[in-house]
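Colleague: Listed here are the chains, written in short residue letters.
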Amino acid sequence: MGGLFTLGSSLIAEAEQTHEGLSYLGLWVNVLFVLAILFGLMSYAKKGLNERVFKNPITQGFEQVYLFIENMCVVIIGNHGRKYVPMVMVLWLVIFTGNIVALFLGESPTADLSFNFAMALIAVGYVQYEGVRANGLFGHVKHFAGPKLGGVLVIISGLIFVVELISEVLKNVSLSLRLFGNIHGGHVAVESMNKLGEPILVPYGMFLLPIKLLTCVVQAMIFTLLTCVYISLVTHHEEGHGERHAPAAAH
Amino acid sequence: MLGLGIAALGVALGLGLIGFGALTGMSRQPEAIGRLQVVMLIAFAFVELVFLLSVFVAPGIVKGM
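So the sequences go chain by chain: R and Z. So in the UniProt record's numbering, spot 164 of the first sequence is number 164, and the numbers just go up one at a time. So in the UniProt record's numbering, spot 55 of the second sequence is number 55, and the numbers just go up one at a time.
No wet-lab data here; the hints were simulated from the structure. Idealized CB from N, CA, C, for every residue including glycine. Careful, some of the hints might be misleading.
Claimed, not checked - Derived list of chain Z stretches under chain R, where covered just means 3 residues or more per stretch with a C-beta under 8 Å from a C-beta of chain R:
1) 1-13
2) 49-55
Claimed, not checked - Quick list of the computed label-pair ranges, beta carbon to beta carbon:
3) 51(R) <-> 26(Z): 33 to 43 Å
4) 17(Z) <-> 164(R): 22 to 32 Å
5) 82(R) <-> 23(Z): 28 to 38 Å
6) 156(R) <-> 16(Z): 43 to 53 Å
7) 21(Z) <-> 173(R): 24 to 34 Å
8) 4(Z) <-> 211(R): 30 to 40 Å
Claimed, not checked - To give an idea of the interface, some chain R residues facing chain Z are shown, with a C-beta separation under 8 Å as derived from the structure:
9) 174
10) 177
11) 178
12) 185
13) 189
14) 193
15) 196
16) 214
17) 218
18) 221
19) 226
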């Protein structure tokens with residue numbers, strides 16, 4: 001336990017060292033900037049909603065995003081996946097816009113560990129909420145204990161329960177650190193490439209921008225995809241355990 | 001520094017294996033490309049996470065010790 005605590009505090013210290021000059025206020029300004037972009041685009045896209053065929057290009061873009069997210073949800077979660085589209089779509093849009101902001105500004109919300117951790121907390125908390133809503137509180141807790149075992153094997157069920165709880169907590173860490181590491185690592189890579197080209201006055205970092213754009217899309221997709229996978233793991237009640245999430249994992 | 005190189009080596013091997021497997025599967029079954037891409041990206045994410053942990057977290061742990 002003490003080791004975990006020192007690990008946590010050293011992580012926080014590391015994060016505080018690595019982000020330069022972004023205070024809480026700066027983070028809020030960044031988040032509000034991202035939200036302003038999103039709401040502006042959406043309110044513009046809403047104008048084109050009344051026609052039978054969407055002629056507004058922004059509306060068409062949002063339609064494509066919606067179809068993409070819906071397809072992802074239905075493929076991974078199954079037929080009841082359409083319920084979870086709004087939450088997943090909000091996560092995708094916020095992360096994607098934050099990542100795009102990271103291309104133009106020195107700082108962005110998704111390059112900050114605290115924002116990512118908050119978002120991962122929200123995502124995992126939403127997964128728990130949906131699990132409770134789908135299976136009931138007792139069913140959701142029982143779900144952690146793995147398959148039903150009889151006799152002396154109850155001890156093993158207890159062990160599985162503890163391990164599942166730990167992995168549930170570690171989902172937060174892995175989701176937030178992945179996003180933080182990719183976006184922040186991109187910034188660090190661009191800076192060091194620029195330093196490399198300093199003697200001959202060529203900003204090498206600009207050649208990394210295409211790959212950073214790819215990272216933006218892929219990271220937004222991976223975050224929402226993993227959220228979908230977690231939702232699909234907790235909300236399958238009709239089918240058996242291995243049967244249901246084998247197709248999602250194996251295809 | 002050497003540890004960083006070793007981590008990069010391992011992750012490069014892992015990513016290459018994933019890409020190899022996905023490409024082989026895609027060329028054999030072009031109709032399964034969509035599903036294969038999704039799972040390939042998930043696997044990429046898991047492999048990358050190890051490298052990111054080793055780059056961003058391990059220095060903090062070593063300093064903390």
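Colleague: It remains to establish, for every hint, whether it holds in the given structure.
Modeller: Each hint, compared with the structure:
Counting residues of the segment 1-13 of chain Z whose C-beta sits closer than 8 Å to any C-beta of chain R gives 0, which falls short of three, so the coverage hint is violated. Check on the segment 49-55 of chain Z: 4 of its residues sit with their Cβ under 8 Å from a Cβ of chain R, so the three-residue criterion for coverage holds. At about 38 Å, the CB distance of residue 51(R) to residue 26(Z) agrees with the hint of 33 to 43 Å. In this structure the supplied range 22 to 32 Å holds for residue 17(Z) paired with residue 164(R), their Cβ-Cβ distance being about 28 Å.
For residue 82(R) and residue 23(Z), the hinted distance range of 28 to 38 Å is satisfied, since their beta carbons lie about 32 Å from each other. The hinted window of 43 to 53 Å between residue 156(R) and residue 16(Z) is violated, with their beta carbons roughly 37 Å apart. The hint said 24 to 34 Å for the Cβ distance between residue 21(Z) and residue 173(R), and at roughly 27 Å that hint holds. Checking the proposed 30 to 40 Å range against residue 4(Z) and residue 211(R) shows it is violated: the Cβ atoms sit about 20 Å from each other.
With its C-beta approaching chain Z no nearer than about 6 Å, residue 174(R) sits inside the 8 Å limit, and its interface hint holds. Checking residue 177(R) against chain Z by beta carbon gives a least distance of about 6 Å; that is within 8 Å, so the hint holds. A least Cβ separation of about 5 Å between residue 178(R) and chain Z falls short of the 8 Å threshold, and the interface hint therefore holds. For residue 185(R), the shortest C-beta to C-beta distance to chain Z is roughly 7 Å, which falls under 8 Å, so the interface hint holds.
Against a cut-off of 8 Å between C-beta atoms, the interface hint on residue 189(R) is violated, since the closest Cβ of chain Z lies about 11 Å away. Using the Cβ-Cβ criterion of 8 Å, the hint placing residue 193(R) at the interface with chain Z is not satisfied: the shortest such distance is roughly 16 Å. For residue 196(R), the interface hint is violated, since its Cβ never comes within 8 Å of a Cβ in chain Z; the closest pair sits about 17 Å apart. This hint is violated: residue 214(R) has a C-beta 11 Å from the nearest C-beta of chain Z, more than the 8 Å allowed.
Interface restraint check: residue 218(R) against chain Z, minimum CB-CB distance 6 Å, threshold 8 Å, status holds. At about 7 Å, the closest approach between the beta carbon of residue 221(R) and any beta carbon in chain Z falls short of 8 Å, and the interface hint on this residue holds. Against a cut-off of 8 Å between C-beta atoms, the interface hint on residue 226(R) holds, since the closest Cβ of chain Z lies about 7 Å away.
Checked against the numbered hints listed earlier, the structure breaks hints 1, 6, 8, 13, 14, 15 and 16; every other hint is satisfied.
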